[in-house]
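Asker: Chain L is already provided as a structure; the job is to place chain Y on it using the hints.
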Amino acid sequence: MKGEFIDNLPKVYGLYTGGFVIFILLMAVLEQLGVAADTIGILFVLFTVVVYAGIGWLSRTMQVDAYYVAGRQVPAVFNGMATAADWMSGASFVALAGGVYFGGHAYLAFVVGWTGGYVLVASLMAPYLRKFGCYTVPDFIGTRYGGNLARFFAVVVLAVASFTYVTAQINATGTIAARALQIPFEVGVWFGLLGILLCSMLGGMRAVTWTQVAQYIVLIIAYLVPVFWMSNAQEFGAVPQFAYGDAVVRIGELEQALGVGTPPVESVAGLRTLTTLHNAPQSDFIYNWRFVTLVLCMMAGTASLPHILMRYFTTPSVAAARKSVAWSLFFIFLLYFTAPALATFTKLQLLDPNLATSVIGKTIGEVNALEWIQKWSNVGMLAVTDGNGDGILQINEFFMRPDIVVLATPEIAGLPYVISGLVAAGGMAAAMSTADGLLLAIANALSHDLYYKIIDPKADTKHRLIVARVLLIVIGAAGALVASLKLTGILGAVAWAFCFACSGLFFPIVLGIWWKRANRAGAIAGMVCGFIAGTWYLYMVRFADMDPWLGMDHLRFGMIGMPVSLVAMVAVSLMTPAPDAETQAMVDEIRVPRGKAVLDSTH
Amino acid sequence: MNDPSQRVVHWQRTKSLMITTLILWFIFSFAIHWFAGALNALSFLGFPLGYYMAAQGSEVVFVILIFWFAQKQHKIDEQTGFAEEGN
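Chains as they are written, first to last, in the working numbering: chain L, 1 to 603; chain Y, 1 to 87.
Bound-form chain L, shown alone (with noise of 0.2 Å):
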């Protein structure tokens, strides 16, 4: 039954996308038929969780190898799919288009910095931790290096990293579910951890293996449909991607007209106005300087977090997971090159008065009877003031909040409400599907490396398993308890739990594989220092009102551990004995794919 399964996973997904698309037009005609756009949004998201669920239940488990890697027979596509919905958050698909909107060119670091980190990916890691045989990577600093100390310390880095970006995704399935589901926030979020545990519970990684493979296919229809047919219907061009060139050379002289850059005289609490010019890098120093630092964090960063690291765990051989980490690239590419389109496209339909979606320019009065402004208004995620009491609305008197550039552009180009439904089913399988990936993570890394194997090696399977299932309810709950206090915007959360993989992950995986000198007294020092000195720096300048160094602000933090954490553990290494002739025969052997892994699926 479970070959075959593998064997037709093109048949099987196939139907599924067929099956979405026969759903999404089932609601266009619905809509048509005078079905009310609220229960249109309740529908679209009910069913895609209930899939998605379905799913997690048809694949639950009791083998070991199944629960923590799927029992690595993922073929490289399908890996590469799931890994893209992993990677893919509720701040890629809600967020990303408006990052781009309201930063302009220096926010394309982050689209950089986020599709690049898989060159390292790809050169560096997966291939060689694929070889290694293990189930977390903790498992490989713990093995590698030898000692529970190590392990333990891979474990709480991990687990930082993971839990910070984790409470920002249970965060953006409960603003979803609040609004499609038109429930209280606070409910929303347990409503939406509810979903993600029915997807992850009984099949650990092979159910969120499959769950994620139908939630990309679902959310990349859902960005990139809307994006289609705005640039068609407004006559942008048939490809928007390739099509956008001069709408950025347009927004920069409207611009210059419009007076970009002046700052508001009023201020709404949660809301922006564009004071940032489209397309304008400096060429100084400084702002080159926190381009490529951010880049370099998001980078290192993708390379060292264990929820993407661990997807590459799951492929049939080591071939396939080199193969995977390019397909994931090119899944994951199709958002991050459709965004900054999006971004550009909507931006330039409020500004340019030959369109006729432009409000800039226009009478309050006039604004204020769109229907789109009302309705974004009354939930506050809009606002329009008059600050220079002309009685016309001035660029900087425009505030509304990131997210809408994806959320509202269905209707501000007069799509049918049909699409915003599927916007948001998008958006929630988005956030799904990478907070069941990094719960996934932290409840393995605890029930594997730190239960059976520091706590209780003697364990037998069925408590391992019910262990690891326990752990990711108390980690999820604990998630969306700290979501619901709504500590952080998305996307600052989403930048720390990056740096803080790469300032204590980054080197000590790296060099296990690239240096064999490396020791277990080096591993040690450069996860401690690394992420004692990135967490020093992030507390100085976020709490403690220091002055960044050289414009390096808190979400570049990463900038500071990974320097300290190279030094500190090349230092500490070349002081200490060099690794005993059994541990670096173990390093030759996860350089050559052939042969067997270190670690064999019993371990």
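It is possible that part of the hints are untrue.
[Stated by the list, open to error] Quick partial rundown of chain L residues pointing at chain Y, CB under 10 Å, derived from the structure:
1. 252
2. 282
3. 291
4. 299
5. 318
6. 326
7. 594
Hint data in this document are derived by calculation from the structure and do not stem from the laboratory. On a predicted model such as this, the values are computed, not experimentally measured, just so you know. Even glycine gets a Cβ: it sits at the ideal position worked out from N, Cα and C.
Answerer: Showing chain Y alone in chain L's frame:
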């Protein structure tokens, strides 16, 4: 097949492929964006080039680079006899 000298050859070639890959990665991750201001004077597909490289150009290069790397490394594995059986 797996004699020690082949192992050295395999690792040498693997290392130089890694270095080549990372040099290209460095250029498109950092070097090119350092000069975004200057590149904007040029136009590509109607885009200012500096903007284009950050929004699309670098990303396209990364996707191609990883496919190229995976294929190249597989060839090294096969030629030195270290590729997995059944692949």
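Asker: Hint compliance check: list the failing hint numbers for this structure, sorted ascending.
Answerer: Violated hints: none at all, because every hint is consistent with the structure.
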